[in-house]
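Undergrad: Once you have looked at the hints, place chain P on chain D.
Protein chains: 2
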Amino acid sequence: MSDINNIVLGIDIGGTKTSFGFVDRKGNIIDANTIETKANESAEKFVSRLYQKIEEIRICLPSTSSLCGIGIGAPNANYYRGTIEKPVNLNWGDIVDFVALMQKFYQVPISITNDANAAAIGEMLFGDARGMKHFMIITLGTGVGSGIVVDGHLLCGASGVAGELGHTVVDPEGRQCRCGKRGCLEAYVSSNGVVRTVLKLLAERCESSPLREMTHHEITSKKVFELAQKGDKIALEAFDQTARILGMKLADAVAHTSPEAIFLTGGLAMAGDVLLKPTKQYMDYFLFNAYKNTVKLLPSGIETGKGAILGAAALILNELAL
Amino acid sequence: MSDINNIVLGIDIGGTKTSFGFVDRKGNIIDANTIETKANESAEKFVSRLYQKIEEIRICLPSTSSLCGIGIGAPNANYYRGTIEKPVNLNWGDIVDFVALMQKFYQVPISITNDANAAAIGEMLFGDARGMKHFMIITLGTGVGSGIVVDGHLLCGASGVAGELGHTVVDPEGRQCRCGKRGCLEAYVSSNGVVRTVLKLLAERCESSPLREMTHHEITSKKVFELAQKGDKIALEAFDQTARILGMKLADAVAHTSPEAIFLTGGLAMAGDVLLKPTKQYMDYFLFNAYKNTVKLLPSGIETGKGAILGAAALILNELAL
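These protein sequence lines are chains D and P, in that order.
For the first sequence, this note's numbering assigns the number 5 to the initial residue and increments by one for each residue that follows.
For the second sequence, this note's numbering assigns the number 5 to the initial residue and increments by one for each residue that follows.
The shape of chain D in the complex, shown without the other chains (with noise of 0.2 Å):
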């Protein structure tokens, strides 16, 4: 059963939609909603725009209900801040006061961090990093993000951005990136990095595939994943060379920080164990001996949609001590 007199606001901001959503201190999603994140617009007019959406579910909620909270995930969003520096896909400059423009609106307590971070937060208090105190969570989207618990902590380091695996490097001479470096994990272990290799295999190889009747824009990892499943030798090799640089790349990691599991979410970690299993095989290859056996690669415990709000959620929940 809820509990609707504590309630905080998950707002999780991506590239084309942000989403949010009232969530009560079990992790229950009371209401949610989605508004388009307009990439010309600015974040006084953007912010403006969620309130009115927010509040139009806002006046729905029981009348007992308390706003204690407000927990925001986002890309390039600076913990200690409460800023969102340099976002990639947002023309909202260099530096945006985020959490100070939405305290315009909201007298409560708000944090953000990237959305990655929160999905750790989220993963630690409603998914299977429950009793857990050192894990990772790797999100595999467009981009590859990660949020790494110590602890029982989320990890920022000394510049409050702590975790961002997917600008490691997986070779100097490698694929562009769109941050400008180059050989970054993000351009491989992403679902675009997916159809990189796929266009790399095509180059390469000679076998027949349904994939050299698609323009590169109309092969999606999703597309990938299909022909995967049907046995399709182009998509199974991709998924396996994916698979072999994200199980090298989380061996590393593990030689980091130590986690006792890894978790994978995110659009390419709804491959399942196409990219699950061989990606825990590469990973146990490449581990250094002292790391045998003591660390777990999972799927997020997190029903599929939810993960978003909830880790915003969460990341608030978890600072009030609801």
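Watch out, some of these pointers could steer you wrong.
Claimed, not checked - Straight-line distance between alpha carbons at most 25 Å, and here's what the computed DSS-like set of lysine-lysine pairs gives: (1) 90/D - 90/P; (2) 296/D - 90/P; (3) 137/P - 137/D; (4) 296/P - 90/D.
It is worth saying that the hints were derived from the structure and are not from the lab.
Given the structure is predicted, the values throughout are model-derived calculations rather than measurements.
TA: Below, chain P alone, put in the same frame as chain D:
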């Protein structure tokens, strides 16, 4: 002035020698000595011999001095279990409960961790990491060790042995590492790694060099350093390639825990700016934008030769909060 009423014993167990010393809470080494670590001796015999030697200097301490605890730095030490596990260079079997062995002789709090972790705590208490909440130390010796401090605490992780950056992957098809894996960082950026890089360069390049008159085992990282200072092209290139790989993997490390500073210590770090300057440049080059200008690369602030004992002593001083 030293406070000898409350002292601790710091012990550093190395592959060939073991150093120990009595240390006060301000980091003054009151007295110290060294014994040989005999590779073929049992752990029990080693501890018994160590005890004799410790007592030899202990009886010379003022009668008012009180031993409050013992800190130990050792290869493959597990902080949580108090054990030394599968040490590569010692004939001690799979798992030695080293803390229990020591406690037969000393009924005081005893803690053990690997030497790089001890160095991290030493740097935090007595070196240039004083006041830092997030930092990392890299020991560049025969091998590569690392100690990571997060939120002011040593990161041990779920396994108890977090922070083994020496065994992250530089090249999955690369050099054999003594750990059994291939292409580990340690195979490239240790003192031994530099020598291997020289051998590779002697094969690839045509420049004349005194290094061509030395056998593999005659070449040492110290000699390579001395030749680099004299402008030897092979030696300079060896340090540049070492710095590039180290800089790249340090940038990866920053993307995990986002430290305020990374300290370099150990034999190879004595090359000073010959290694430090290019490593900093490469690290900055490989850093993800969000971390630019957030992390310093520094030499250890602990006096050369004192780090091992002070690190081990700091481990227990930190726990006792003396």
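Undergrad: Going through the earlier hints one by one, which of them does the structure break, listed in rising order?
TA: Checked against the structure, the only hint that fails is number 1, while the rest are satisfied.
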